[in-house]
Structure formats: C-alpha cells, structure tokens
Amino acid sequence: MASLARISSRLSRRIPLARAIQTSADTTQLAQDASHSEPFTVKLHEDSFRAYRTEIPGLEVQVTKDGLLSMYKEMNSMRRMEMASDALYKQKLIRGFCHLAIGQEAVSVGLERGITPEDRVITAYRCHPFAVLRGGTIKGVIAELLGRQAGMSHGKGGSMHIFTPSFFGGNGIVGAQVPVGAGIAFAQKYMEKPVATYAMYGDGASNQGQVFEAFNMAKLWDLPVVFVCENNKYGMGTSAERSSSNPEYFTRGDKIPGIQANGMDIIAVKKAVEHTREWVLSGKGPIILEFVTYRYGGHSSTQDPIRGLQRYIEEWGLATEEELKKLDKEAKAEVDQAVEEAKASPIPFEHDLWTDIYYNGYRAPIHCVGVSVKRFTTI
Amino acid sequence: MFNTSNIAHLTRRRLLGINAQFARRWQSTGSEPPPAGGHLPSIATSTILRSTRDSAIRTPGIHWLDEGASTTPGNVLAGRETRKMNLYQAVRDAMSIALTKDDTAVIFGEDVAFGGVFRCTMGLAEEFGRERVFNTPLTEQGIAGFGIGLASMGHTAIAEIQFADYIFPAFDQIVNEAAKHRFRSGGQFGVGALTIRCPTMSVGHGGLYHSQSPEGYFMGASGLKIVIPRSPIQAKGLLLASIRDPNPVIFMEPKILYRSAVEQVPVDDFEIPLGKAEVLVPGSDLTLLTWGTPLYHCETALSMLSSPPAPLGPHVPASLRSAKIELIDLRTILPWDVDTITESVNRTGRLVIVHEASRTGGVGGEISAEIQKRCFLKLNAPVKRVTGWDTPVPMQYEKFFIPDPLRILDAVVETLSY
Ligand SMILES: Cc1ncc(C[n+]2csc(CCOP(=O)(O)OP(=O)(O)O)c2C)c(N)n1
Ligand SMILES: [Mg+2]
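Each protein sequence line maps, in turn, to chains F and Y.
Throughout the first sequence, residue numbering follows UniProt numbering, covering 1 to 379 in sequence.
Throughout the second sequence, residue numbering follows UniProt numbering, covering 1 to 418 in sequence.
Errors might be hidden in some of the hints.
Unchecked claim - Each computed DSS-like pair below joins lysine-lysine, with the alpha-carbon atoms no more than 25 angstroms apart:
id : chain 1 : residue 1 : chain 2 : residue 2
1  : F       : K189      : F       : K255
2  : Y       : K276      : Y       : K180
3  : F       : K329      : F       : K90
4  : F       : K284      : F       : K189
5  : F       : K92       : Y       : K399
6  : F       : K332      : F       : K343
7  : Y       : K399      : F       : K343
8  : Y       : K399      : Y       : K276
9  : Y       : K399      : F       : K90
Note that these hints are calculated values from the structure, not bench results.
The structure presented is a predicted model; accordingly, all values stated were derived computationally and were not measured.
Could you put the whole structure together from the sequences, leaning on the hints where they help?
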C-alpha cells in the first residue's frame, strides 16, 4: 500500500508548463480601425495558442461587425437556453440527466462559425448548443429534455440524445463518440468529399481507452478528423491534473500534432477551428485541438466568453451597451417562447415506446411487438 | 381450463385497462398521499424491512464474524447493537469493516474518494487514507483490469463502476479475464479478491443510460458471481461475504433503495451467505420470485391480492384472495439457488418471476427453463415472467417499462386461475 501512496502523490504533482495558455475572454486587440461595413483585422493575444508537432495558427484574424454581433446574439441564446433548462430541471419538469454548457458558449458558437454545414460534429452529453447550431431548434432541444413529442428525438431519449443530419449526437457513454467520429471521417475520405469531422470529448473522457484507439486508427489511415478536447478542467469531481498523467491534452496523440487554444475567446476559437479544418482537408491526417475552457462561466468575468465578446464590440465601437442589451432581450424572448411551445407539446404516443427499436416494419423480439404491445394498448 | 384461462385473460385486460389510472398512485416508490382505498405497503412501511434491533439481529442466515461470536457461541446475540441505516450507509459500513480488518483492501473508482455519486464511500478516504480509497480516471475497462491485476496478487480489490449502465466498457475484462482466470490457469491463479460494486435498476426517470439492469448479460460467465441485495442488512452482510468470497463478484446495488430502504443494521461484522435464496413469506399456492427493487412491488401486489382496494375489487376473484403466495428473494443471481426454487415450486406448482431487465435474454428465461425441466409434472401453470419490455429503458415511459404492482398482481391472478 505504501507503494500506492507513492504513486498517487507523484501523479498529483504538477509539471510546470513552459508557458501558460491565455484563457481570458477579452485579450484580442484591434490591428486596424474597426469598420462598420468592411472586414477588419484584429490580433489575438500571443499566448492564445500552443502547438505540438506543428506551428500555431496565425494571430491576425479578419472579423466583421455583423459576424461579431450575430455571434454575440447566438451565444446569448445558448446561454439563455441552458439557463431555462436549468430552471426546468430544478422544477423537476426535466427528468433524467441534464448537462449544461454554460460558460463554454465560445466553443460551440465559435466551432460552428469555423466549419461548413457539410462538416460533421459528434460530441458527448454536453450537447444542447451544438444540436441547435447544427440545424435544430431551441424548442426541439427543450422539448427533448422535457421528453415531449416535439423533441428532436421525439422525446424518446432526453438531454443526452439529440441529433441532426450533420450532428451525430449527443452521446452519454463517456468516450464512446470518439471512435465513432473516426468512422464518420473515414466515410468522408472514402467519398473524397472536402469535409471534416469534429469529434469532441472532455478532459475526463480523454482517459478512456477507446479515445487512444481512435487516435491510432485516424493517424494510421490519415483521416480528416479533428479530435476536439473541451478541457474544462474537471470530469465530474476530479480535476484534470488528478485524472490525467499528462493534462496537456493537445500533446496526447503521439504522432498526431496538436493545437491548444484559448476556448474562452470566441475569435481564437473560430481561428483554431478554421486552421485545423484546413489541416485535415489538406490530407495531413488528423489533428488534436484542445480548448481550454471553464464550466459555469469560470472564476471571474474576464473568463466569461459572452462578456469578453461584449467588451470587444463596445470597445471597438461597433455597438452600444443598449444595442447589445436589446439583442440579449431578443434572445431571452426567443427562448421563453420556445419553452412555452415545448411545454405545450404532449408526451410521446404510447406506441412510440416500441417504434424505432428496429428499422421501421421489422419485428422486434416477441415480447415487444407481440403480446405485450397488444396489452399495452389497452392502457 | 380453457374457460378459466379466458376469464383470466379478460380480468387481465381489465386490470391493465385501469393500470395507467392507478399505477402512479400505487407505485410503492411514489411519494403521493395514500390512495382513497387505504394504505398499501411501500418501501417506507414494508414488513420486509427489519426496523427493530431484535428482528435485525435475528436476520435468518446471519453469520457473525467478530471475536465474540467464536468465544461465546452460546450467546451470540447478547450485547449486539444495531444502528438505523439506509442502504448506502450499510454499504459504506461494510466497506469500512473490510478496510479495517484487511490491510490489503483498497477501494477505487470514479470519484469514490469524494464519496461517489451515491455517497457509498463518504468519508472513507478521510478515515483510511487516500492511498486506500482513491479516484481512478474515467476508464471502466481499466478499472476492471486493474482490479483483476491487484486481486491476482492476493490484494482485496473493491472497485466501483459509477452506474451499472457503464459496466459494458468493462465487459471484456470481467467476462474474459476475471471469470475465466481460475479455469485458464488450471487453478493456479484466481481473482477471488475482486469485487465490483455498481448501482443498478431504475429510478423512475433515469432513461437509457441510468436505469438498466444488466445482470442478465453476465449469466453465461461461469466463474463469476452476481449478487443483488434488497435492504440495508442484506447489503452489508452480502457485500462483506462478496468481498471475502474466493470468487470474483459483481455486486449490484438497487439505486432507488439507497435512501428509501432503512433498517436497524447490526454494527458488528457479519456476513449473509452467497448462493442462498431467502423465503420471505412462506406459501403453498404460488412461488413469486424476484430480487432487488421489485420485491417491494411484489409485497404491494400481494397486499392487493388479499385485500384489493375498492376499484380493483371486481378484477380480483374472491376465490383467489386467500391464496398463499410464497415470496422469495433470489439474492445471488449467479450461480442461482436452484434447490430452494425447485423445492418451492414442487410444493406450489406455480412460478411467477419478476425482474426489471427486459424479458428476452433476462435471468427469468434461464430460471423458467430450468424449473420447467425440474418441476414439469408438478406445474399447474406455465412459468410466468413479469419484466421490462424488450425496448431500451424509455425516458417518458419508464414507470410503465418496469414491472409495477399491478402488472405483478395481474400475473399472479392469471397464473393462479390458469
Ligand atoms: C462510460 C461512462 N462512465 C462514466 C460516466 C459518468 N459520467 C458522466 S459525465 C462524467 C465526467 C466526464 O468528464 P469530462 O469528459 O471532463 O466532460 P465534462 O463533463 O467536463 O464536459 C462521468 C464520469 C458515463 N456517462 N459513461
Ligand atoms: Mg471536463
């Protein structure tokens, strides 16, 4: 036992980092005057990225006023949706499980801005924003959480089970989605389509064996997959340093190169996504992209990705506080209406208990569509 | 016979017709006010639970393991103390004894050093040290394999898989390594010191990945034992027996009982033997066999049978109300106590099996086949199974997915009147 004690104390000692990643949400500077009509250039903090076996992305990024404002609106909608879900969960209207992505909006909204609708995304259970951004609706998400017919999986799964044609879920078994992502990317490569797969997982999930198995296959076959580690520092109660012998997740792919990016600054997120997309589409094989982020808005307001973007918009003179408040109000109204509509949707039909188990029209085992179903319909 | 069966069928249809209306109210796990028809047993009022010191220390089959037990065999009950515990506290108490008495014992799993999701390891890391109660990374296959290695060195390995639903990534290690270790080394190695605990069964709204009952998946894994306790005393005694059993054991704890099942639990070290079913209510007309949470639904169903609440009256033939039902808790699912069940069914001529897992591939199928073979000429009715449906655990219809008291009553009425 003494040996175990030695091992665990060694594990918990932190290896000092060469140079820490910047994780503030508001360190991007103007590189030229902001324009209301034309794209203009901004410069990310020099520590926005770190690289392993590759170069960091360029720090100069082109943005537009409209782009920034619509990202602001979208991040607010996502935050409002998660807050509404939280309230519904506390009222026990949402049963089962409900994992929120409050504080991590820069990742979901920024990712969507850096890819195209033809690219594919797959993630774990912290999935609500992706489901909306990839073609779903807030009503569809909330209704799914409530287990209603209007839910995106017809109320059959709940929080962790939401899909769209370009979003492969919503996956509750930690780590399981990562090799699935490699398979999706293989199909893309096979069809010779210029598209990428973003396979996402958490810092905790990164320790599942199948994540490493997926890395190996992806590198062996040079698949166009970006493995995205959303490092929010904790997997349930256990901190990244205590779960991972190497908490530098972007370096864990062995021969696969990696980028670590500030996951709190949406401009850095978008840049990192564009960069990694180009990488995998140029035939160089997979790459790991680690976003350093925080659960629930982080420790201070410089670590709130929405407040960070708000500061850029205001300081660069693109909109006033009042104008932004208006956008926020619109987001809230949109979510409020979605909640009401979702609540009005009925729970699934009883017969939907035994549909979608096999392909429509196929017979389930005897005790499903046979006797029991007849009995069930008498309820 | 044809006629009776038809009547039973009709009765059943009518019973189930009012199922939706009453199911919620009569779910023994519900917290709504008592129904107008009067009080039915619930987990809180269950007579299965031992709520006094006297009944607790007289738990059938209890085997005391402290010094007092061996030095004064004539008076093993004198001075025995009990404490009120719910199931998670009893599980914790068992592990605390295991850690105290066995220097090689360690506990590991996801977040167990913080008490775990259900608080079963609360305070153990503080009490026994982080080198004996430690968190693992998220790695179920790794947890199982690591436990096997540790146990093969003769150390007592107590692993936790956070939910039974997450045991599948560890399936290979459990089935191909742990279960076969002794056989494939010709008896030179064994991993008997490995116990894997996991919360199991439904909570009413857990959905696809938090309400499964995977015990049936392990039925073909000879070399392994599977144990499911029904109450705090049982949990403590069976867990200590599992930890010390010279075979690898999967110990599945019905998670809805963690807080709701409360008993006076003897504070001393004791075991309850593995491989033995327990007859909770003796009877002569029908054997009702189950394990874990559905035991309490069976108790409710039996109360409904003998004195049906008013709305159910017309559906429960008067001639069946005095039927003597033998209620059995299987406790060890693998290897199961075939002798006790055979003896019972040979007496009663009827068997109803209740479990939460889906029917196809469920443990009930195995038991039915064996009992039909052993008791064929004594059976007065086909063996009946009341189980989850052959669907994933659905989020909205979980309460209809799991066997509830009405479905059990329905099966008992049908089998009695076959
Ligand atoms: C195979 C499996 N094991 C355990 C769990 C329970 N579980 C759900 S989330 C979680 C923590 C995951 O942490 P991380 O990957 O860092 O993601 P985060 O929640 O931080 O987004 C755990 C242990 C699970 N869902 N699946
Ligand atoms: Mg995490």
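Each hint, compared with the structure:
1. The suggested pairing of K189 of chain F with K255 of chain F holds, with an alpha-carbon distance near 20 angstroms, which does not exceed 25 angstroms.
2. The suggested pairing of K276 of chain Y with K180 of chain Y holds, with an alpha-carbon distance near 23 angstroms, which does not exceed 25 angstroms.
3. Distance check on the hinted pair: K329 of chain F and K90 of chain F sit about 23 angstroms apart at the alpha-carbon level, within 25 angstroms; holds.
4. Pair hint K284 of chain F plus K189 of chain F holds up; C-alpha atoms about 12 angstroms apart against a cutoff of 25 angstroms.
5. Restraint check for K92 of chain F and K399 of chain Y: the C-alpha separation of about 16 angstroms stays at or below 25 angstroms, so the hint holds.
6. Proposed proximity of K332 of chain F and K343 of chain F is supported: the alpha carbons are some 16 angstroms apart, at most 25 angstroms.
7. Distance restraint check for K399 of chain Y and K343 of chain F: the Cα-Cα separation of roughly 20 angstroms lies within the 25 angstroms cut-off, and the hinted pair is therefore satisfied.
8. For the proposed pair K399 of chain Y and K276 of chain Y, the alpha carbon gap of about 30 angstroms is over 25 angstroms, so the pair is violated.
9. Between K399 of chain Y and K90 of chain F the CA atoms are separated by roughly 21 angstroms; this keeps the pair inside 25 angstroms, and the hint holds.
The structure fails hint 8 only (numbered hints given earlier).
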